[in-house]
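Residue numbers (my numbering), protein chains in the order written: chain A, 1 to 103; chain B, 1001 to 1628; chain C, 2001 to 2167; chain D, 3001 to 3494.
Hints in this document: simulated from the structure, not taken from any laboratory.
The beta-carbon is built from N, C-alpha and C at its ideal position, and this holds for glycine as well.
Do not rely on the hints blindly, as some may be mistaken.
What the hints assert, rightly or not - Far from chain D, by Cβ distances over 10 Å, these chain B residues were calculated:
hint	residue
1	R1181
2	G1379
3	I1569
Claimed, not checked - Listed next, with one range per pair, are the computed distances between beta-carbon atoms:
hint	chain 1	residue 1	chain 2	residue 2	range
4	A	E59	C	S2052	17 to 23 Å
5	B	G1077	D	V3030	46 to 52 Å
6	B	H1579	D	W3020	42 to 48 Å
7	D	W3020	B	K1578	56 to 62 Å
8	D	L3472	B	N1058	31 to 37 Å
9	A	K90	C	L2144	41 to 47 Å
10	B	T1571	D	W3020	14 to 20 Å
11	D	E3061	B	P1572	29 to 35 Å
12	D	W3020	B	W1601	41 to 47 Å
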Amino acid sequence: MVQMEWYLVLSTFMMFAGVYGFFTRRNLLTMLISIELILNSVDINFAVFNRFLFPEQLEGVFFTIFAIGVSAAETAVAIAIIINIYRNMKNIQVRNLDKIKEE
Amino acid sequence: MEYTLLLLILPLFSFLVLGLLGNYMKPKVAGFIGTLSLVGITIVSYFTAYNYFAAGRNADGVFPTLIPYNWEWLPFGKLSIDMGVMLDPISVMMLVVISTISLMVHIYSLGYMKGETGFQRYYAFISLFTMSMLGLVVATNIFQMYIFWELVGVSSYLLIGFYYTKPAAIAASKKAFIVTRFADLGFLIGILIYGFYVGTFSFTPDTARLISAGAMIPLALSLMFVGGAGKSAMFPLHIWLPDAMEGPTPVSALIHAATMVVAGVFLVARMFPLFIDFAPEVLPWIAYIGAFTALYAAAVACVQSDIKRVLAFSTISQIGFMMVALGVSTSIDPNNGGLGYMASMFHLFTHAMFKALLFLGAGSIIHAVHSNEMSAMGGLRRYMPVTHITFLIACLAIAGIWPLSGFFSKDEILAACFNFNPLMGWTMTAIAGMTAFYMFRLYYCIFWGKENKELHEAHTPKESPLSMTLPLIILAAITCVAGFIPFGKFVSSNGTAYHIHIDATTAAISLVVAVCSIALATLVYARSKQPIADTLATRFAGLHKAAYNRFYIDKVWIFITKQIIFRCISTPIAWFDKHIIDGFFNMCGKCTAYLSKKIKWLQDSHIQHYCIWFLAGTVLLTIILLIF
Amino acid sequence: MDIQTIIFIILAAIIGVCSILAITTRRILRSATFLLFVLFATAGIYFQLNYSFLGAVQLLIYAGGITILYVFSILLTSSDGDRAEPLKSKKMIIGLLSTFAGLGVCIYVIVKHKFTEPVFQMGELNIRTIGHALMGTEKYQYLLPFEVISLLLLACIVGGIMIARKR
Amino acid sequence: MCNILILFVVIPLVMMLGLWASRSLCQVKVVMVSGASLLLALSIYIVFNYIGLRNAGNDAEMLYTSSIMWYEPLNICFSLGVDGISVVMILLSSIIVFTGVFASWRLKPMTKEYFLWYTLLTVGVYGFFISIDLFTMFMFYEVALIPMFLLIGVWGSGRKEYSAMKLTLMLMGGSALILIGILSIYYGAGASTMNITELSQIEIPTNIQHTFFPLLFLGFGILGALFPFHTWSPDGHASAPTAVSMLHAGVLMKLGGYGCFRIAMYLMPEGLAMWGEVFLILTTISVVYGAFSACVQTDLKYINAYSSVSHCGLVLFALLMMTRTSCTGAIMQMLSHGLMTALFFALIGMMYGRTHTRDIREMSGLMKIMPCLAVCYVIAGLANLGLPGFSGFAAEMTIFVGSFENTDTFHRVCTIIATCSIVITAVYILRTVGKFLYGEVNNPEFLQLTDASWDEKVAVFTLIVCVAGLGLAPLWASDLISTSVEPIISQFIK
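Let's have the full structure, built from the sequences with the hints guiding it.
What follows is the structure in structure tokens.
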């Protein structure tokens, strides 16, 4: 049987991959992808804790479901914004974004 | 004796009036007020002297020490500075000397200073000086003496710098003040030691305390002597006095010949009982310093060409005599080793008179020829008979010719020296001879010798007005008769009456030496051509030059002040302050600015970077939490 | 080594490799694709945990919906081949350092921490239970969050349209 | 609250209101003069009343005490009270504030604002001297510091921004140390009170005293221009406008000495015993160092600023000698130096206003052109070098006699080194006077200049009269101070 810790380690790994991506990538969309990784890793944790530690209850599952919903919402809005930015600036690199402040 | 307070109030009052309102009154009025107050002071001091000595001796056969006034001025816990008036033989004697000379100078200045700008200021300053000097001599304790000592110093500073537009006068006044101040530092520390160990600033402390203080008393007294040496121009602190001649000549007569410069002698005399009983080992050193100073100054005086400089060095030399006389005293009993004290005071008295006369005479000459240099003079006897005669009397007196006053006092000094040590006696006799020589060199160069015809034709010298000659005549008269005053009856080391008897041998020796010296001077300088002097000057060119330059002592002092104090201490300190200390604080500021510039990139408005720091910080905190 | 473990290892390998590739690859479309794989693998994890519903949701929404959104937006915004510029080494090092430090700390904590005894109870979570919990208003029932989420989604739809609309 | 002391804070505040409301320059001056005169009159009244109360046998340590709880959780009170030391300090402040108003009579741009800040500074100074609660004191101390920055930075001359920044930063650094020190006293004494008189009854643990005494002393010492933290003073004084220099050197620097004595030494005797000698070395250096530095300066204000370093060093020096007489002398020196240095700065400011230079090499013969100011400068100089008859002498002699009572060899040596400063003082004073007052006029433009106007005469003569008054009759001040020094000194003389 797989130990709970293995799952946790896996999710942690995924989370930090996302973190690293968030730190280093310049492209807004890639940064968003990194955020998805982070959220995903958190979802795994919810599910794992629910299954292993509190199997009678369902909070973890529901939080995962809601989190997936929220992330979907967030992605939709974020992509809308990104498209808007792209439309204005023909570019979605982070370093160009300081122009937004000036306008 | 309550009226003695007038001695301080009168001149203070005239100083305040002249100082504050002087600009609003005519010069003549100012001079009149000053002189009038001095007349008042003179009357009071003569009256005091008469009353004091007429009151007679007490049961112990001494004149009692009277303290009509003594107020606590500033208490320091157990100690306190008092202000008051104390009368004893020497202070009364000094009162007479100061008021006489000061009155003469006041009258003389009416003529001499006529038309000078700042006439009112001049009178204000000499009033201030008179007050301080009187306060000094009647001081009831050492601290009051110090206070007036400082005031005397400052009035001397103000008067030397009277012609404040002349750079030489400014430099001289500065030098005088700073050198004496330097010496006063010793005086002050001496007072502090004395006050602490003896528990009082008074002149008559508790004997038990003195004994228990042990070695501190000689130390304190020596330091006080340093102060006295500064004021009285003892070697090597004498350098200010010749320069102080930049002041108006009457001031030189009053301050730098008759009164202030003998304050050091007065100080030693005042502390004499303590010196004798608790620091007898210090006294010979005073004598040695005095003797060396006398010798040095006499040597320098022989070659100076500025007449006031000659007189200045002569003053230094004569004060050296007084110091020697005090120093050679070996006991409090005037009949047995304590003669010097009386001799010193006597010489102080007579010297004040004839030296003031000399200076006033010199002032009269300067007034006539408008120069201090001997080269501008010569042959003046025809133009200025009164000045000539009085000057001659003074020269004879200082040379020690019977029956003028200088003979008597110098004789006592020499007798005291012979008692102490024959070598000292012979040295002082030789110096007395030198005195006669340089004084007559001066005399001949002024009144006989080679006349500066061109100058005298362009501007014929004429006798000074009555206001100037009158003081000369009065002082000459005093000089003539002062020797016959039974001085020992009034002042002696233990207060008992001492009968002055002329020691025939000493008197004969000194007379012979004096006459020989005068003859020598006559031989060398009396003619209009002076071949011997020129030969000597060329033969011993190095020595002559050295003596003319006062053996380069001034150079040493300039080196010390300019090179050491300014160049080697002050400038580096200022540099240190500006660059190291200030630099350090500026560096702190710059480092802060630099650091903030360096870490500015942390705040680069990139969210990603903030996130990195956020994560790093969180991780760090977690690690810290895990560790502790 | 039972079958569960083997499946887990395969899934973990996919997740690990693909998540790293997703954030390191230069081409943004590839990165989206790798994300898709990660999401699939995550769904696998859920299935393994016997949360089939969760896995289905994951597949439907994430892999099916969101990824497609990404692909669309990438296609809309990418202009010149989408090559991400090379990273500055200094920044990468700092990012790497803090990431590894964070990773290390988290893993250390996970390994060290004493959880209450984990018990793996096999058993499918049936849909009826989920439906009741989602629609109930009792304790441990989630109608309110459900409604809130739906409202949020609605707001997002409106907002997305508002923002992305051409002016 | 019917405490007369509160008036010292209220009057300046009312003055500020009046200034705010006034519409013309004339009104501003009326407000300032009447306010300053009222303060002066009040402080003279306080002095006499205080002496009267003392003579009537009131021997409490502090008089006119009152206390209002300010912030209950920390036991911070608005406690007022004065002893002889603070009374003379209040008098000093009033004299200088009064003369400062006249010295800045013709200050031009933004006169109203200038006086507003000036009055705020006054609030801080008075508040510091009348309060006996540590926190309240600290608050007023800060109130006094901040206006300084603006007064120098806006109305100053020369490198004013640099100087204002330097001064404020260094003094702020000092006040940070003071805050730490105050908190250490407060918590060391059990966090029950901030009242000084009550704190003095409580034994603060020895290790706390040993650790925090130097911080507290240094914090106040920076304000008192302790070597090597004095460099704000020359730059600050040189750049400040006349009245600010006067108030700063005259009163604000005294806050340092006062704080050292009243707070650091009084409340931490153990710390004093441990650190006294270290600080004594620093103060001795200050005394001599300041004097030597002054010898080669060429800017009049720098000369006076370094002279202040030397004289304020003497204040701290005397305090650290720890005898009753020397501490009395220290307070007298504060009083005396405050008056003298204010006089100096006033004169320098007036001359600078005419010649537009402060470099003594560029001036000469001013005695001819402006005899009144020049004579006053000479008088100030003589007073500064300790001429009997002026306050400096009485103060310095009290210090030296007092210091000599400390029989320890180390202290003796320090005393003798410090006495040397009187000679060096003479050197730089006479050098300055000789260079720029005496001699022939070297700049023909100077011949057009005028002598003192009436307002300047008011300022200068008031100060001279005070300096001479204190110098001629030092007994009253010395009496007033020494009785109040007694309880403080008994803390550290066991």
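Hint-by-hint comparison with the structure:
| no. | hint | verdict |
| --- | --- | --- |
| 1 | R1181 | violated (5 Å) |
| 2 | G1379 | holds (35 Å) |
| 3 | I1569 | violated (6 Å) |
| 4 | E59/A x S2052/C: 17 to 23 Å | holds (18 Å) |
| 5 | G1077/B x V3030/D: 46 to 52 Å | holds (47 Å) |
| 6 | H1579/B x W3020/D: 42 to 48 Å | holds (45 Å) |
| 7 | W3020/D x K1578/B: 56 to 62 Å | violated (42 Å) |
| 8 | L3472/D x N1058/B: 31 to 37 Å | holds (36 Å) |
| 9 | K90/A x L2144/C: 41 to 47 Å | holds (44 Å) |
| 10 | T1571/B x W3020/D: 14 to 20 Å | violated (50 Å) |
| 11 | E3061/D x P1572/B: 29 to 35 Å | violated (47 Å) |
| 12 | W3020/D x W1601/B: 41 to 47 Å | holds (45 Å) |
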